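Sequence order for the protein chains is A and B.
Mapping of the first sequence onto our numbering: position 250 corresponds to residue 445, and the numbering continues sequentially without gaps.
Mapping of the second sequence onto our numbering: position 242 corresponds to residue 245, and the numbering continues sequentially without gaps.
Hints in this document: simulated from the structure, not taken from any laboratory.
Please read all numbers here as calculations on a predicted model, not as lab measurements.
Honestly, I wouldn't trust all of these hints.
The calculated SDA-like cross-link candidates involving lysine to any residue, where the alpha carbons are at most 20 Å apart (straight line), are [stated by the list, open to error]:
hint, chain 1, residue 1, chain 2, residue 2
1, B, K216, A, A351
2, B, K77, A, G401
3, A, K252, B, F51
4, B, K216, A, K298
5, A, K298, B, P190
6, B, K216, A, T349
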Amino acid sequence: MSRTMIILLALVAIVFAVSWAAKSASLDDQYDDYISRGFLITLAAFLTLSILSFLYKDNPFYKFAEHLFVGVSAAYWMSLGFWSTIVGNLIPRLSVTLSAFFKVPHIEDEYALYILPDKVSYFIPVVLGILLLMRLSKKAGWISSWPLAFIVGTTAGLNLVRYLRSDFIEQVSSTFVPLLVDWQGTGRFFSDFNLYAYGQFVTMLGNWVIFIGVLCGLVYFFFSKEHKGIFGGASRVGIWVLMITFGASFGYTVMGRISLLVGRLTFLFHDWLELIG
Amino acid sequence: MTGWIPRIIAISGSDIGIIISLVVIGGGLAWLLKQSIKAGDVDRRIVFLFIFISVSVPILFPITFSETATPIVKKLYDRIENLPEGSAVLISFDFDPAMAPEVQPMADAFARHCLAKNHKVIFMSLWATGQSLLSTTLQNVVRPEFPEKIEGVDFANLGYKAGNEGVLNVIVTNFRKMFPTDVNSIPLDSIAVFKKIRSCQDLDLIISIGGGKPGAKEWILFVGDPANVPMGCGVAAVTAPQLYPYYPKQLLGILGGIKGAAEYESELVRHYDRFADVKKPGLRMMGPQTLAHVVIMAFIVLGNISYFVTRRRGKKP
C-alpha cells in the first residue's frame, strides 16, 4: 500500500469518526438509539460518496462499496427467499408443528391436489426445489434440468393466454381508433377549432398518429417486399416513428436517472449534512 | 435607487438558486464552448461537474415551477375523485429503495387522495423491499395526516407476499388464499375493510406503483384484463414508455416518473387546501430536473457547435 493511500485512508477514517460523532450528537434528542442511527447515516453517506467517486476515476473506495453491495444483496435475497417463500408460503401449509416452530399461523389445506393424501402435494415443490440445487453438483447437475423445465413450462403456460389477450388482442383493438372524432362537417370543425387536450383536433391528431405510426412501423419490419416507392416512403416514416419513440424513451431514462441523483443528493444534504429542511 | 436595498434583502431562496444557477452554469457553459472550440475535446468529468451543480443548487436553494396535470395524469386523478365514498382501492408498492425517490412521492399522493376521499384503501407489495417503503408511507403520511383513520376499518396493510405473478394469479379469485392474515397476523375475515371483498374483482380501482417486474404490466396481465378491474399506475420514468400503449383502454392513467408525481401533487394542492402545507417532493424535484435538462440540452448544442466548427477548421488547409 502506498504512502498516499495510507494517508487517504487515515483521512477518511477521521472524517468518518467526526461525522459519526456529530451526527449522533444531533440525533441525541430525537432517538434513543442515536449512536447506531448516527453510524448508519454516516455509513450510508460514505457508501454513496464512494460509489459516486467512480465518476472521477476507479478507486479502492468504489471497489469496496461495490463488493459490499453485491455481497449484502446476495445474503439479503437468500435470507429473504428462505423466510418469505419457504417459511412464509410453504411451512404454514406443510405442517402444524413446523408452523409452530417458526411461529407462523398454520393455513388449512386449500391448494392440495385432492387425488393425493393430505399435505403430500406440498412436498412436490419441496422435491423440485431440492432437485434444482443439484446444479451445484458436477455429477448430478443434469437433474436440475427437470425442475427448470417445470418452471419454464409453467411460466409459458401461465403467460401464453394472458399475453395473447393483453398484449396482442387488446393492443390490436386499441389501434382501431376513429380517424374522424365527433365529425359534423368541415365548417363546424374550423369554427370550433381549439388546441385543448380533450378537444376534437388534438384527439383526431392523436388517432391519426397512432394509425399512421402503427401502419408505417409495421411496413418497416415487412421484408418480403423491397422498400421502394410508396412502400419505401412508408418504411422511412416507420423509421422516424421508431426513432422518435426511442428518443422519448431515452428522454424518460435521463429523467429517471436525474431523479435518482436528486434522491441521493437530498439524502446527503438533508439527512447527513442537515443543510436543508 | 433606495428601492434596491429592501429588494435585495427580500430575495428568496428560490431567487438565490436561480441566480447561482444562471451565473455558474451560464458562465461555465460559455467557458466550455470556448474551450471545446479551442481544443476540440472536453473531459467527461466536467460534464459530471455541471450536472452535479445543476442538480445540487436547486436542492439547496429550492426552485419550484407550477405544474398542470396532463390528461394521462388527470384521468387517474378524476377517477379517484369521482369514485363514491367508501370505494375499495388497492395500492401495490412494487418497488425498491433504488426507485423510491421517483415513485414514493406518487405513493404518498395516492394514499393522501384516497384517504381524503374516504375510500377504503388496501396496501400491499409484490416486492420484498416494498414493505418497508409501504411502512414509510403509513408512518409519514397516513398516520400523521389522517389520525382519525383506523387500521382495519379505513385501510388495511397486507404487507409483502412472495410469489410474484403467482400471487396475482391467486388473489384475482381469492384474497384469503394468498393472504390469510394481514401484516399484523389479523385474519382477513376479522378486518372490516375485507368484509365485502373476496377477490380483486370486488375492487373499484387498482393502482400499481413501481417500475420493475412484477409491476403494472403484470397487474394488467393477471388481474386488470382478466377480471376487468379498472387500473392505474405510477411508474419510474424508465418504464413509462413501455406502459403508454396500455393507455387509455387497459390503464385509466399513468404517472410517468417524477413529472407525473409533480403533476398529481399540483392537482391535489389545487383541489384540497389541507394539502397546501404538506411536503411535496415531486414538485420540489422538478427544479433540479428542469435545470439538469437545460444543462444536458446545452451540452448537446455545444457539442454540435464544437463539432461543426472543428470540422470546418479541419477542412481548411
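Next item on the list: Taking the numbered hints from earlier one at a time, note which ones the structure violates and give those numbers from smallest to largest.
Entry: Per hint list: single violation, 4.
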